[in-house]
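Enquirer: Could you build all of it, start to finish, from the sequences and the hints given here?
Just so you know, the protein sequences line up as chains C and S, in that order.
First residue of the first sequence? That's 0 in numbering that gives the first Met the number 0, and the numbers climb one at a time after it.
First residue of the second sequence? That's 0 in numbering that gives the first Met the number 0, and the numbers climb one at a time after it.
In short, the hints are calculated from the structure, not lab data.
Keep in mind that a hint or two might mislead.
[As the list claims (entries may be wrong)] Among chain C residues calculated to face chain S with C-beta under 10 Å, some are: (1) 53; (2) 54; (3) 57; (4) 131; (5) 140; (6) 142; (7) 211; (8) 231; (9) 238; (10) 239; (11) 241; (12) 245; (13) 246; (14) 247; (15) 250.
[Unchecked claim] Listed next, the in silico DSS-like pairs over lysine-lysine satisfying Cα-Cα at most 25 Å (straight line): (16) 121(S) with 201(S); (17) 49(C) with 205(C); (18) 124(S) with 49(C); (19) 49(C) with 176(C); (20) 205(C) with 161(S); (21) 205(C) with 124(S); (22) 161(S) with 124(S); (23) 49(C) with 121(S).
Where is the CB? At the ideal position from N, CA and C, for every residue including glycine.
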Amino acid sequence: MRPKPRSAPLTALILTLLLAGCAARPVLQDGITINDPFEAQNRRVHAFNKALDAQVIGPVARLVAGRDDGPTAPGEAGQPRPVDLVINMGANLSLPGKIVNSLLQGQPGPAARNMFRLAINSTLGIAGMFDPAGSDFGLTETDTDFGQTLAVWGLPEGAYVELPLLGPSTARDTAGKVVDVLIDPLGQVLDRRERMLALGLRIGSKAGERARFGDTVDSVLQDSADSYAQTRLIYLMHRRYDVGEEDAGFDPYDDPYGAPVAETGPVAP
Amino acid sequence: MTTPMAPRSPKPDPSRPDPRIGRRAVLALIAGGAGLVAMRPALALGGAQAQAFIQRAVDDVYAVINSGQAPAAMYRQFEAILARYGDVDVVARTVLGPAARQVSAAQFASYKAAFQGYIGRKYGKRFREFVGGRIEVGGARAVKSYVVVDSVAYLSGRAPMKVEWHVSDRSGRVSFFNLIIEGVNMLASERAEMAAMLARRKGDVAALTADLQRAG
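Expert: Laid out in structure tokens, this is it:
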């Protein structure tokens, strides 16, 4: 099915709105550039996301993972558990979109790898439940999305935004998420019912990942003195690393005290 | 040093028999320059030396991970490894920020001890996820005034992660002072955390120290 004709102007509108945030002055905090003109609004969304995670997503994820204690590694003898199968299937369904993006970035290598991955895991891996491509053929997934494509095309990162449910993002990555839904080849070949099933699997996959990395997520969200600032910093650093826009590292021996940390405005609890 | 992995190091010049000699020469040159300009003792930290140093640290970490001890005992051992291989003084100072300049030596020492325990517990919890995995130490390269040692962490059930170790001997002792895990800079992250913890205590380092003894 083709995307609805309404979608294109809608995307353009969201893009314009979000990129308007680029005009604000970014600050340099601990050697990391932070452009957060919507901080007050973002903090409200963060409080909502955090509460939702603590009361719904976290407990459900723990339930799904069926873990009582200890790290959520896959089964002791390398036996995948049901949650791992869901994670794998969701990840497999996201491959067509990643292939398209690699091609849009002029990266035929990763596109080919993900294409072989898709072929192997959809067949030998039984509809993507298992990952023989990664474990037996050394074809690990190359993760990419339209946000990265926009970065490759030279679009600036834009303002930091925390999205309800979806979590930390930037103007560029938010626009990328919208476009990713529209250009996903899966959306073109599946019918309505299949699309709902695919969507369900991908949401399940995300929830499974939340369970798998539950301790790390808990530690950032629940144990940080300012979980909003930590989430923002970790997201920006990791994302810039992914798209090849890393901030320069710093040498504390040049000045052990570094730049003043208090220059960045209010730090709410 | 299992597989020589240096994805981002410069390509070896075929006319040069051993690229490491060139790298070491460049390092020595940078080090010499830094010594002249800032009147610091000249550095002699080479890539191979930094690489071997990190390999030892990784081996020690894995010995603890695979020892199967109780978590509390493991955290104490991670803390000891951090004290042995890391430059806790410069990390604690950098993370505290300008407040480090205002406190007394005794106050800083107790903050530093609390900080070391906090890091041992906080990262020790993360290390438990490394059970059954492995870390392969790759190549080393000079960046600015320090050496970056690349490594890849292979954890069961997830994509390999790139972990960078920043190593320096500018304190007079070879030690690592930063870890970059998939782009996430630990020093920057802990600086932000400490700034928030200190703001909560309205700048009171003694109160922060008490909080750190329980945190992590």
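Enquirer: Does each hint hold? Answer for all of them.
Expert: How the hints compare with the structure:
no.: 1; hint: 53; in the structure: 19 Å, violated
no.: 2; hint: 54; in the structure: 23 Å, violated
no.: 3; hint: 57; in the structure: 17 Å, violated
no.: 4; hint: 131; in the structure: 14 Å, violated
no.: 5; hint: 140; in the structure: 6 Å, holds
no.: 6; hint: 142; in the structure: 7 Å, holds
no.: 7; hint: 211; in the structure: 7 Å, holds
no.: 8; hint: 231; in the structure: 9 Å, holds
no.: 9; hint: 238; in the structure: 8 Å, holds
no.: 10; hint: 239; in the structure: 6 Å, holds
no.: 11; hint: 241; in the structure: 7 Å, holds
no.: 12; hint: 245; in the structure: 6 Å, holds
no.: 13; hint: 246; in the structure: 8 Å, holds
no.: 14; hint: 247; in the structure: 8 Å, holds
no.: 15; hint: 250; in the structure: 5 Å, holds
no.: 16; hint: 121(S) with 201(S); in the structure: 23 Å, holds
no.: 17; hint: 49(C) with 205(C); in the structure: 16 Å, holds
no.: 18; hint: 124(S) with 49(C); in the structure: 21 Å, holds
no.: 19; hint: 49(C) with 176(C); in the structure: 21 Å, holds
no.: 20; hint: 205(C) with 161(S); in the structure: 22 Å, holds
no.: 21; hint: 205(C) with 124(S); in the structure: 23 Å, holds
no.: 22; hint: 161(S) with 124(S); in the structure: 19 Å, holds
no.: 23; hint: 49(C) with 121(S); in the structure: 20 Å, holds
Of the numbered hints listed earlier, those contradicted by the structure are 1, 2, 3 and 4.
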